[in-house]
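Number of protein chains: 2
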Amino acid sequence: MNDQPGRAQKQSGLISMSPVKVFGSAPFTNVARVLLCLEEVGAEYEIVDVDFHAREHKSPDHLARNPFGQVPAFQDGDLMLFESRAICRYILRKHRSTDGANLLREGNLAESAVVDAWLDVEALQYDPAMHAVFVQHRVVTALGGEPDERVIAESVARLRETLDVYEARLTTRGYLAGDEVSLADLSHVPYTRYLLEMPYGPPVFGEFPRVTAWWERLLARPAVRKVVSMMGGGSG
Amino acid sequence: MNDQPGRAQKQSGLISMSPVKVFGSAPFTNVARVLLCLEEVGAEYEIVDVDFHAREHKSPDHLARNPFGQVPAFQDGDLMLFESRAICRYILRKHRSTDGANLLREGNLAESAVVDAWLDVEALQYDPAMHAVFVQHRVVTALGGEPDERVIAESVARLRETLDVYEARLTTRGYLAGDEVSLADLSHVPYTRYLLEMPYGPPVFGEFPRVTAWWERLLARPAVRKVVSMMGGGSG
Chain A
1 MNDQPGRAQK
11 QSGLISMSPV
21 KVFGSAPFTN
31 VARVLLCLEE
41 VGAEYEIVDV
51 DFHAREHKSP
61 DHLARNPFGQ
71 VPAFQDGDLM
81 LFESRAICRY
91 ILRKHRSTDG
101 ANLLREGNLA
111 ESAVVDAWLD
121 VEALQYDPAM
131 HAVFVQHRVV
141 TALGGEPDER
151 VIAESVARLR
161 ETLDVYEARL
171 TTRGYLAGDE
181 VSLADLSHVP
191 YTRYLLEMPY
201 GPPVFGEFPR
211 VTAWWERLLA
221 RPAVRKVVSM
231 MGGGSG
Chain B
1 MNDQPGRAQK
11 QSGLISMSPV
21 KVFGSAPFTN
31 VARVLLCLEE
41 VGAEYEIVDV
51 DFHAREHKSP
61 DHLARNPFGQ
71 VPAFQDGDLM
81 LFESRAICRY
91 ILRKHRSTDG
101 ANLLREGNLA
111 ESAVVDAWLD
121 VEALQYDPAM
131 HAVFVQHRVV
141 TALGGEPDER
151 VIAESVARLR
161 ETLDVYEARL
171 TTRGYLAGDE
181 VSLADLSHVP
191 YTRYLLEMPY
201 GPPVFGEFPR
211 VTAWWERLLA
221 RPAVRKVVSM
231 MGGGSG
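Respectively, the protein sequence lines represent chains A and B. For the first sequence, UniProt numbering gives the first residue as 1, with consecutive numbering after it. For the second sequence, UniProt numbering gives the first residue as 1, with consecutive numbering after it.
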């Protein structure tokens, strides 16, 4: 077993190889994104819950990890990181030898740029539209309020416009950045999982058969199935 | 002159070295971000205007470049890209040998991750707050409407919270990702330039002396001065 590439890298000594720590829990979409990457490369990790009810996210200890008082934060030895997509890039670069899917495509100038572009689409177009629907449908109602149906309708319309571009894109390739899965696809998993549990999700996805087939291909990945399960009943 | 590193790379033949094309004009902040990177590495480029009044951004030609019908789009030989930060990464990787500032820090696992994190802060926290202020103050009024002062106040409050984190961060280092400038800093230039022309900007910046000094260090860079000048009177 000790000549396995993954273990060889883990024993190189250049980088800390004790389990990394993820601060925050799996139901948070930005935490789930990080867990997905850790599962994809088979890294060891430890989840450290942050108690929001006790306002632990605004404690000096947590603010030293994430100055914005958000989750996730991430620790690898002396290195402390935040921002989920930056953490994902770090994990995939560190474990490049065990990243069978080559999820960043670094080393190929053009292919890595296409992954970057579609990862930015997820972060800047898909995520904000999804976040707005999620906040209205789940957070506002959990706090006893009435969801703002106008905000939901506008966000679902934005989402539909984005998925319309995805549908065209997926006509000639299996994944957003090409014929193979990349971080750009995986980054969509956490919010898509929640979307499909909300009444707005299945009708919108049903309009886009190639997007639906793409989602099913993602769900067939063991790492995706595991993290979707860790996200649980969607409490966060 | 022909043994200069930049030219040597340009003649390598592995990558197209005819001038790249940037579709969109400098007053657009997302276009200016790309121009900054091109200027920093001394790349040759051609700007191709997109006529929004003639709805050229929604033409089939432009949608083939950017499926969301936005600017910028970017062409390097057969490669077409969109999303400004992805284009910036591409430019900096391609011209790594002429990037004296090493603006992505790739090759150093920890340092590149810190650049990624603060670039995501710019994209996901700074830019949305600035964009909201800019739309109300400049776009709504240009269209003859009344700016929504509540939106402006909320966005300025968000901006102030973000700059408060920057001010603490800049206590022990000259730039957001460390002692040297990176793409994370430069990515703030286009909107900061507009902010400081609006009535909300100088009072907010005035509360943060280290942020103000950081901005002055950025403005001292020839590439920054050139692109700030290209952005002109702020028409877009």
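Quick caveat, the hints were computed from the structure, so don't treat them as lab data. Among the hints, a few may not be true.
Which copy is meant is left open, because identical chains are indistinguishable; a pair holds if it fits in one copy or across any two.
[Claimed, not checked] Cut-off 25 Å, straight-line C-alpha distance, at most; resulting in silico cross-link-like pairs (DMTMM-like, lysine to aspartate or glutamate):
#, residue 1, residue 2
1, Lys58, Glu197
2, Lys226, Asp179
3, Lys58, Glu146
4, Lys58, Glu154
5, Lys226, Glu111
6, Lys58, Glu149
7, Lys21, Glu197
A quick look at each hint next to the structure:
no., hint, in the structure
1, Lys58 - Glu197, "neither (30 Å within a copy, 34 Å between copies)"
2, Lys226 - Asp179, "within (23 Å within a copy, 40 Å between copies)"
3, Lys58 - Glu146, "neither (27 Å within a copy, 37 Å between copies)"
4, Lys58 - Glu154, "between (32 Å within a copy, 21 Å between copies)"
5, Lys226 - Glu111, "neither (28 Å within a copy, 30 Å between copies)"
6, Lys58 - Glu149, "neither (31 Å within a copy, 29 Å between copies)"
7, Lys21 - Glu197, "neither (29 Å within a copy, 43 Å between copies)"
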